[in-house]
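Chemist: Protein chains in written order, with the numbering used here: chain F, 69 to 634; chain W, 69 to 634.
These are calculated hints, taken from the structure and not from any lab test.
Each hint should be verified, as a subset may be incorrect.
Copies of the same chain are indistinguishable here, so a pair counts whether it falls within one copy or spans any two.
[Stated by the list, open to error] Computed list of lysine-lysine pairs in DSS-like fashion (alpha-carbon distance at most 27 Å, straight line):
| id | residue 1 | residue 2 |
| --- | --- | --- |
| 1 | K379 | K350 |
| 2 | K379 | K550 |
| 3 | K111 | K87 |
| 4 | K131 | K202 |
| 5 | K90 | K122 |
| 6 | K260 | K87 |
| 7 | K111 | K459 |
| 8 | K359 | K202 |
| 9 | K90 | K260 |
| 10 | K156 | K459 |
| 11 | K131 | K146 |
| 12 | K90 | K202 |
| 13 | K359 | K437 |
| 14 | K459 | K260 |
| 15 | K632 | K256 |
| 16 | K478 | K379 |
| 17 | K459 | K256 |
| 18 | K256 | K202 |
| 19 | K437 | K632 |
| 20 | K260 | K478 |
| 21 | K146 | K260 |
In this text the structure is predicted, and so the values were computed from the model without any measurement.
Single-letter residue listing:
2 protein chains.
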Amino acid sequence: MEEMVDTTLQQRLQSLAEKMEKASEAIYERAYFSVFEENPSPKFYGETADADGKAEFEAMLGKPFEGLLQDTEGASYKGVEVSPYTGKALGITYPALDPNALVAKAIEAQLEWEIVAPDDRIGLLMMALLEFEKSFFTIAHATMHVTGQGFMMAFQAGAPHAADRAAEAVTLAGQQLGNWEVVSEWRKPMGKTEIALHKEYIVIPHGISLALGCSTFPTWNSLPGIFASLAVGSPVIVKPHPLAILPLAIAVRCIQRALVEAGLSPEICQLAVDTVEEPIAKHLAEQPKVKIIDYTGGSSFGNYLETLPGKVLFTEKAGINVAIVAQADDLNAVVQNLAFSVCLYSGQMCTAPHHIMVPAEGVTTPAGKIAPADFAKALAEAINALSTNPKAGPFVLGAIQNPATLERLKTTGQAGEEILAGAAIAHPMFEGARMLSPSVRLVTQNPEAAITEELFGPTVLVLVLPTIEAAIHLTASVAEEKGAISGAIYMDEADDRFVDYVHSLNRVGIPVSVNLTGPIYMNQNAAFSDMHVTGGNPAGNGSIGSPDFISRRFFVVGNKYVIKGE
Amino acid sequence: MEEMVDTTLQQRLQSLAEKMEKASEAIYERAYFSVFEENPSPKFYGETADADGKAEFEAMLGKPFEGLLQDTEGASYKGVEVSPYTGKALGITYPALDPNALVAKAIEAQLEWEIVAPDDRIGLLMMALLEFEKSFFTIAHATMHVTGQGFMMAFQAGAPHAADRAAEAVTLAGQQLGNWEVVSEWRKPMGKTEIALHKEYIVIPHGISLALGCSTFPTWNSLPGIFASLAVGSPVIVKPHPLAILPLAIAVRCIQRALVEAGLSPEICQLAVDTVEEPIAKHLAEQPKVKIIDYTGGSSFGNYLETLPGKVLFTEKAGINVAIVAQADDLNAVVQNLAFSVCLYSGQMCTAPHHIMVPAEGVTTPAGKIAPADFAKALAEAINALSTNPKAGPFVLGAIQNPATLERLKTTGQAGEEILAGAAIAHPMFEGARMLSPSVRLVTQNPEAAITEELFGPTVLVLVLPTIEAAIHLTASVAEEKGAISGAIYMDEADDRFVDYVHSLNRVGIPVSVNLTGPIYMNQNAAFSDMHVTGGNPAGNGSIGSPDFISRRFFVVGNKYVIKGE
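All chains should be built: construct the whole structure from the sequences, respecting the hints.
Modeler: This is how it looks when you write it as structure tokens:
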């Protein structure tokens, strides 16, 4: 992608179009593929990209957000974001508009947007992704300072990976819309005569879309739904979490630029802003013309959304993610891998494991059985070593997005015995950053009673189960009742029971990572390949890789015309 | 298909497999295609097929239904079907089982069925369709005597067309399941090293399926959902309407034969039976493990089903279907076409037009404007001529399925002025058949107040609207609020407003038949081609042609394995 830095927009668009064509094949193969470069190196993005992005971010602080093209008449300006690294308010304000006015504008915009030819919509969305790519480093710094993510994650997940997921959604939409571009000559023999009809198929979005963002991965989680809805002709109102507006505001700005460039209304994709005290999400969601909702966030609001009649709803809520460790060829490699999974962004990923189960007889290793307590100690040591390594710890852990997370951990997940206490971690660049290393507790009694909620944040419970079967059974029943987004198992793949165990987890919607060691983790979900959030349990149904992620947003209606002169 | 009569099962299966491969292409082209022969001629089905089917049907009367292979221990035998042609009870009883027991058996069966390889499931369902084909004439007589349809419709819609729709669902399922049969080698470069994973994708049905049948088109409406669910690995409980059990009982028997032939549990597809007085549909639908529901029937029960949380629901409820007549090159051809649409099965099709709108200025014809009253008279004459033609009328009209339909028409649809009264029609073969020719009324004032419900049964209102625009607007707003399944427009396609008008109807989910004359009608929806029930309005969302019709029944979960030796 080196050449992309200096080429013209036309060439870049051409290059993107070719990549998205390849993406289409990659989706069928589900092999590794990326449209955007994940390495934030000058080699790919130019010598000054990082400094420019940082400078652009810093220039935004303390001012009204600029560059939105939507009608902001009558807006009050609001913004309450605080950096978990500096503890200071960003001071950026955004135009907060009356929700009814936003919906009215979106309804008007739908008439304009739904009749744009599908290929033109796809092309325009590709332009928007190129706009977004120009802001990758700005997005990275913005994401870092609203979510608390370390820079590398903020860049990768917030920018290229989010853009890849958007490209995946656009590619899937292109495939599906293409299936309906049929000019059918329907000729039915009727004895000596025939009926000749021309049939056409019209794709119509179900209505206005609403994207409700989250505070931890604002672009990674929301861009796919936003781009999927736009691709099928539905205007989108983007309502970020009030504590993580900036990354999505930049994304909306990029989309609006592409819309206006094409002579279309910027209200096809509008930013909606609220505050923690005066939320507008319910008001927007309950509007009758808002038919499509993409939501990422806590389960209780997600469960409320599920009660709204007549909505096409895609959710990513909370899950209880379990790693089951029965066997380890290399115990050190296994605990290192799990320690990284636990530490990464301080357990604030929806895919992070907060519960690790081991059988009472211990973990089978070449050196014999490792007792649960010894396993827990080994894990704690690995977590402690990573957390307190000044060259890695602070950057892997990042900061705690919301002070409420730390408050909650004081009273939840307190079962069993403490093996490792969470400790304050200093960040070399941000004095007073809100940081805490993960705690580890060992639960030898009543694991069923200890596994009750997600335990979002830097903490992990090691639960001792009588047998592997019991661990599988408990993991599955918890997932069925409360949801799960990721899962891992460490055991002998040649064991007779292995296939059944994996199937038992799969059938409650848990994707299983088997015996992962090295630099690949159960928390990770790659675009064009992984089924992130399966729909098989209450954790959510917004599975981008699934054809439903596109097709549920629209309906198809067929018209019949008599073929003339027959 | 002549050769199919005498060939062996193996050859017939081969022939069916080839047809279903062609069906897969036909779905992309949406050109005319059929797997099963719709002409009930001896040429295709053999000299004795009709007589044999009739004899088999008659031999069933007055006895417990035989041949189901499911566990019927503890069943009480119930059956209250009455022929609208003879007025007599069929006297066939069916095993009525405890709904909880049915669900428990289905849960058990899912463990067996979901692990059958997708290709084997598809193959087995093809076998079931061949079993079903053997019973086409029995199905035809059964359908005739529970629904009141004329023989030709009972044969075509009940047997080959229903089987075609099942084949369409199976074909779509085969395509989709095939997309997940990926053996992905996911290799991600990481600087000097790479991560190598094997990723697999597992398709899991959401749970048990429930198919709730209707009393007018039991097989045509229910087979697609039954076969779609079975194809994705979900066991199905088939609960026919208590007044139209026999056709679905025969279908379930065919499926059970194919299951048992393959050494599988017949409980993968069970028949559930109830009576009008003691319905069990709610009890079944509310079972937590019943996750997928296909429903055809009245809107009020459908609306109740929509309130159940956590279900994947496919509905076909009622709609208000409108034909708008602004222009006719050949007025006679237009009223003939509409008269047939109104008469066909006495307006008991969910796609029948019960409301025809004309502009106040009249219908434009080469002979000048035809005033609304004159148009209504011409339509009434055509309906009367068809209804009272002893060689055509009784066979096109069929009988009235439910006496409640006639009762309801005494008090509803009474706006305006009567142009044609419904009249008793004699059937040449069935004395005392429950028959009534369609009535026609002309509504010149307050059309908005007159168009309030479906008017299911033999009646049609001609509504006078100030302009075509007003007709389009009223049709669209009624569809948006109450649903619509079909629509027709007669106007000059070169008129500047034509495209907008069609789009205005399309965007509320109305498929538009344009200027149909001759032997093709707005009521008809062909397999492999038409989008019957679009999901764009409250009439329902069970649109077989849509990929959702399959994909919403399952979720996909991905597993990751480290590629060994790397």
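Chemist: If a hint holds in the structure, say so; if it does not, say that too.
Modeler: Hints and how they fare:
1. K379 with K350: both (13 Å within a copy, 23 Å between copies)
2. K379 with K550: Answer is both; intra-copy 22 Å and inter-copy 17 Å each pass.
3. K111 with K87: within (20 Å within a copy, 55 Å between copies)
4. K131 with K202: within (21 Å within a copy, 76 Å between copies)
5. K90 with K122: Classified as neither; 32 Å inside a copy, 58 Å across copies.
6. K260 with K87: So K260 and K87 pass the 27 Å test across copies only (24 Å; inside, 51 Å).
7. K111 with K459: Classified as within; 23 Å inside a copy, 83 Å across copies.
8. K359 with K202: neither (32 Å within a copy, 45 Å between copies)
9. K90 with K260: between (48 Å within a copy, 24 Å between copies)
10. K156 with K459: within (25 Å within a copy, 88 Å between copies)
11. K131 with K146: within (11 Å within a copy, 75 Å between copies)
12. K90 with K202: within (22 Å within a copy, 47 Å between copies)
13. K359 with K437: neither (55 Å within a copy, 42 Å between copies)
14. K459 with K260: between (83 Å within a copy, 21 Å between copies)
15. K632 with K256: Only inside one copy: K632 and K256 sit 15 Å apart there, 56 Å across copies, limit 27 Å.
16. K478 with K379: Neither: 37 Å inside a copy, 37 Å across copies.
17. K459 with K256: between (73 Å within a copy, 25 Å between copies)
18. K256 with K202: This pair counts as between: shortest inter-copy Cα distance 25 Å, intra-copy 54 Å.
19. K437 with K632: The answer is between: 24 Å across copies meets 27 Å, while 81 Å in one copy does not.
20. K260 with K478: neither (83 Å within a copy, 43 Å between copies)
21. K146 with K260: Cα proximity of K146 and K260: none, with 73 Å in one copy and 47 Å across.
Checked against the numbered hints given earlier, the structure breaks hints 5, 8, 13, 16, 20 and 21 and satisfies all the rest.
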